[in-house]
Amino acid sequence: MASGNQEAAMAYWKENVRLLITLLIIWFAVSFGLGILLAPVLNNIAIAGYPLGFWFAQQGAIYAFIVIIFTYVFKMNALDRKYDLHEE
Amino acid sequence: MDLTFTAYPIVGATFVLYIGIAIWAKAGSTGEFYVAGKGVNPIANGMATAADWMSAASFISMAGLIAFLGYDASVYLMGWTGGYVLLALLLAPYLRKFGKFTVPEFIGDRFYSKPARVIAVIALIVASVTYVIGQMKGIGVAFSRFLETSYEVGLFAGMGIVFFYAVIGGMKGITYTQIAQYCVMIFAYTIPAVFISLAITGNPLPQLGLGSTVMDGGYVLETLDNILVDLGFSQYTMMKGTTLNMFFLTMSLMIGTAGLPHVIVRFFTVPRVRDARLSAGWALVFIAILYTTAPAVGAMSFYNLINTVQPGEIGAEEGNLAYENVPNWFSRWEETGLLGFDDKNNDGRIQYYNDGNEAFADTAAEYGWNGNELTVDRDIMVMANPEIAQLPNWVIALTVAGGLAAALSTAAGLLMAISSAVSHDLIKGVINPGISERGELRAARIAMAGAILVAGYLGLNPPGFAAQVVALAFGLAASSLFPVLMLGIFSRRMNSAGAIAGMLSGLSFTLIYVFVYKGWFFVPGTNMLPDTPEYWLMGIGPQSIGAVGAIINVVIATLVSRATAPPPADIQELVESIRVPRAS
Chain A
6 MASGNQEAAM AYWKENVRLL ITLLIIWFAV SFGLGILLAP VLNNIAIAGY PLGFWFAQQG
66 AIYAFIVIIF TYVFKMNALD RKYDLHEE
Chain B
12 MDLTFTAYPI VGATFVLYIG IAIWAKAGST GEFYVAGKGV NPIANGMATA ADWMSAASFI
72 SMAGLIAFLG YDASVYLMGW TGGYVLLALL LAPYLRKFGK FTVPEFIGDR FYSKPARVIA
132 VIALIVASVT YVIGQMKGIG VAFSRFLETS YEVGLFAGMG IVFFYAVIGG MKGITYTQIA
192 QYCVMIFAYT IPAVFISLAI TGNPLPQLGL GSTVMDGGYV LETLDNILVD LGFSQYTMMK
252 GTTLNMFFLT MSLMIGTAGL PHVIVRFFTV PRVRDARLSA GWALVFIAIL YTTAPAVGAM
312 SFYNLINTVQ PGEIGAEEGN LAYENVPNWF SRWEETGLLG FDDKNNDGRI QYYNDGNEAF
372 ADTAAEYGWN GNELTVDRDI MVMANPEIAQ LPNWVIALTV AGGLAAALST AAGLLMAISS
432 AVSHDLIKGV INPGISERGE LRAARIAMAG AILVAGYLGL NPPGFAAQVV ALAFGLAASS
492 LFPVLMLGIF SRRMNSAGAI AGMLSGLSFT LIYVFVYKGW FFVPGTNMLP DTPEYWLMGI
552 GPQSIGAVGA IINVVIATLV SRATAPPPAD IQELVESIRV PRAS
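Chains as they are written, first to last, in my numbering: chain A, 6 to 93; chain B, 12 to 595.
Chain B with its partners taken away, still in its complex shape:
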């Protein structure tokens, strides 16, 4: 059966489900709109947080990233999960005790300063807007690739559905749709993974399959290491970058994860402090189901792909697959452009190898190979999985619905963070403090609608630098928000001058470092140094610099606060009160 024909009812059914939830979960007050009335069960919130967190990139691209980077992709696996330890131990319970609506609100109150609140709003908006562009693109691409609509129509459909549940239900609507979206995406991810693991290793659990043996008896990883070396690549399980850069990149991603406002605010929605702690644990369990499966999906589908094009001995002519014999899934993905074949040596067979490796060039020439002939988009490692495992079309359709669920849930969470920063922190907090409850609820809905339109516009006209800026979102959150939130809780002495100086110095250091290598405001050609490891400061890349920015933030904030007057007595009491769970 035709894929589009199967995909429509399944994607349509998930959309109807989301709309149904939206109608059921209408927000009646600002408390419901901003924090779902603080009534979300901690396990349910864990699921919603997992959906909020796992974006289109986690769902569609991460396994492919792991396949091509091998061990080096561990930075993403550890970075995007280890941040939850920081969040659970250092932020979530205390911010929940504080008990208000937004992250900038905490910064404004704790540092008794409107400028501090406004700086936090700016950092939040820059980080969240850059992040949301990727989600909008993910929605458009998923529609155009699998439902045969144009990119624009797909994007409008996605905007429409988010508009419906986010404007009506606010955080309440978003929370319950995220729970549904988590279920859709985790089924869509794990079912094909189980089958591919069974097909390749005979072990149904992908996490164990990755440590098992393939049909000819060698271990999956060992076999992959050997084939890759024979094709001129580095070993899969070996480090290719530098230890120092890996260290700082992992640290930046962890701190950034813990500092991203759309994630933090999810812990404002549970009833009690101890629910916030518990909920962070559940969130990580739900995230880990996908994150521990992804390495298996990456390695096994990569192994399968190489085995398909190189079924025989490397170097022997008949060792390579003849193009006329490619399997069905190969032809189908070739049509979408995710796989590309260019018969450079005109032998009618597919050669996949590392033609960038000079040490391997002679060997390749001996084999009669004239350059790598197969181009592979990394997204195929997830999207083609169901077909490679010979699963029916509805499973492929489920994968499409899963990718859309991942993009929609993250987009909604980000839009929530943006719109509440505008309506609660800027309008109610700074511009018009006397606004009524009803007035603020209306403002919140308008801000949400506005944020969706802006995100849609940016999705239609993505700035060329969008891909690079996502890394910046983590750098910004790591260098500006996380340190002051933590200091605000753990240092009673931290005052407003310290917090502002810390945020500004961490933020500007990180921005300038990124601009030096990526171009000022990402304008191509304006970079002052080439973005290659030999020019990086001590070998630390611009993506990894957030952790250094965070250290600078903490040092400057501490020095400035020691040199200025301590915070007023009522602020010190506030710090005491957020440190204990019981209300006094």
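Chain A extracted, bound-state conformation:
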């Protein structure tokens, strides 16, 4: 592997890890944060007939997980191209 490629791979990996950390913080916040730790407080707020903490724990967190994965898919596809490391 040429050294230019190696540098690209290093920079690519750094950006990948930064993206992962951001997304995992969101993952943690919507499930453990809003769905468990803050649920008792959020349950005082109701959206339609759902106490908010309960909604996050049984609905919202799952929708958020889907959004997180697809965000990752699109960002990584862009990153693969940016560093010219994408597959054919």
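Calculated directly from the structure, the hints in this document are not laboratory data.
Do not take every clue at face value.
Looking from chain B toward chain A, a few residues come up when the C-beta cut is under 7 Å (computed) [to be verified]:
| # | residue |
| --- | --- |
| 1 | Y82 |
| 2 | L88 |
| 3 | M89 |
| 4 | T92 |
| 5 | V96 |
| 6 | G222 |
| 7 | S223 |
| 8 | V231 |
| 9 | L232 |
| 10 | T248 |
| 11 | N256 |
| 12 | F258 |
| 13 | R283 |
| 14 | L289 |
| 15 | G292 |
| 16 | L295 |
For each residue, glycine too, the CB sits at the ideal point set by N, CA and C.
Given the structure of chain A, go ahead and fit chain B onto it with the hints provided.
Just chain B, lined up with the frame of chain A:
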């Protein structure tokens, strides 16, 4: 029309479909047998993964679990879906880039160590075998309850069908039957859910129905909270356990989900790295369709059940349903034993309340109630749904076919993981590395047949501890496999001594903690502490300990690897190469 009469053609038709797919998808090489030739479309693989993942328990029991646990069941909903975020972001793309056949193979190659590979095989087999017992039981029970066969005949029929498509088609056959099975089970689950949501709230989307109002104008959840409190239970939407235990249980289920080999290996079957990422997203979409519907099914059928037995004012005599007036579905499910009525106060009416609540005992005595009279098996929340919503018999039959599809698809995925660990990791990897391609394919088929027979035997003679061990499967995957897989990708410095020490310490800590409360090797009476929250370490239950085991694994692995020599240069290059999608 008689249910059995309708159920046979529908279940039979799904079985013919599975056999047809098996004949079409014969595996011709080890690559096809282990990873379906890496040619599965990412959306199709997402569907197959959803079927692989959602077991008999998800399909039949989860809604009932939610009904009786209320908010506390959120741990399963979040745990069994949030794991896919970890899988998509931390494992699937890199393991796909590695591009071989099994999870222990990655561990063996990355940590340049046969012992590490063998430890991974053992963890895989223990986790998968315990899990498969539940699926075999699910098949036997579904047959005996709805098709009026004996449990054994049902089990043999299930084994026969899996044998057919798994031995002939390997991963290729399993993948395409799983896609068909996903379609069967998702229709079977959502059709009754839509109708029950319409009947109770007037909203056809169960996910929105759960936030809507019931006929008398109150919100579903609010009404349920109020009735339950009036009957001596806790509020449906309130936390009943401790925050810390919920936190660790959710974390253990998430990490365990991401570490279960039969799920990981599904991402080996797609053509490219970016397909692996995309496929994980689709898998979660397909899983979420069922997992966001289940809370509505649980709450609404529970509401409906309580409303049926308690149609009037609580405490007034005529507030309770007279036994002679029970609806048809009530009588039918009473026959199967899923509902039970015992008229303890001899008033001919059904009282359902929490007789374990001492604070409520005086109120109950005032009402003239003499103990809870209704016993409800949680499986009824899904199985009785079609009748409660007054749907025709064929919908009930579809529910049976759906339950069988859920059990069969998960069983096949687990058997695939077990048999490839035996033929590829043990036979080809350790015992006879010189085996030919044809020889290995034959070995893989024999291993698959053997695994089915073992699973069938365990289904016929389920060890008494089977139910408890399923929780252990997640603990094992969380504490042994997930951490070393992740470290193998994200830490270039991680070496074989670190990985082995990490796996062994995480595994033994988790096992010992579980044994202390559940008995050594689950032998009843040998537990050293009672399995109740006040004796748990910091209130963390044995089911929730996998996450702690995972942390121990990571810490020990990191410390040991720092104290020993770094991995050889070619291994560090391997790590570099799996981190980028393009082949170099």
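Hints and how they fare:
This hint holds: B/Y82 has a C-beta 6 Å from the nearest C-beta of chain A, less than the 7 Å allowed. Of the supplied interface hints, the one on B/L88 holds, with its beta-carbon coming within about 5 Å of a beta-carbon of chain A, less than 7 Å. A cut of 7 Å between beta carbons decides the hint on B/M89: the least distance to chain A is about 5 Å, and the hint holds. For B/T92, the interface hint holds, since its Cβ comes within 7 Å of a Cβ in chain A; the closest pair sits about 5 Å apart.
For B/V96, the shortest C-beta to C-beta distance to chain A is roughly 5 Å, which falls under 7 Å, so the interface hint holds. At its closest, the beta carbon of B/G222 sits 4 Å from a beta carbon of chain A; the interface hint therefore holds under the 7 Å criterion. Evaluation of the B/S223 hint against chain A yields a held restraint, the C-beta minimum of about 6 Å falling below 7 Å. Because the smallest distance between the Cβ of B/V231 and any Cβ of chain A comes to about 6 Å, under 7 Å, the interface hint for this residue holds.
The criterion of a C-beta within 7 Å of any C-beta in chain A is met by B/L232, whose closest approach is roughly 6 Å, and the hint holds. Hint on B/T248 holds. Least Cβ distance to chain A is approximately 4 Å, under the 7 Å limit. For the restraint placing B/N256 at the interface with chain A, the shortest Cβ-Cβ distance is roughly 10 Å, beyond the 7 Å limit, so the hint is violated. Hint status for B/F258: holds, given a least beta-carbon distance of 6 Å to chain A, under 7 Å.
Because the closest C-beta pair between B/R283 and chain A is about 5 Å apart, less than 7 Å, the hint holds. The criterion of a C-beta within 7 Å of any C-beta in chain A is met by B/L289, whose closest approach is roughly 5 Å, and the hint holds. Satisfaction of the interface hint for B/G292 is found here, the shortest Cβ-Cβ separation to chain A being roughly 4 Å, below the 7 Å cut-off. With a cut of 7 Å, the hint placing B/L295 at the interface with chain A holds, because the nearest CB-to-CB distance is about 5 Å.
In summary, the one numbered hint that this structure violates is 11.
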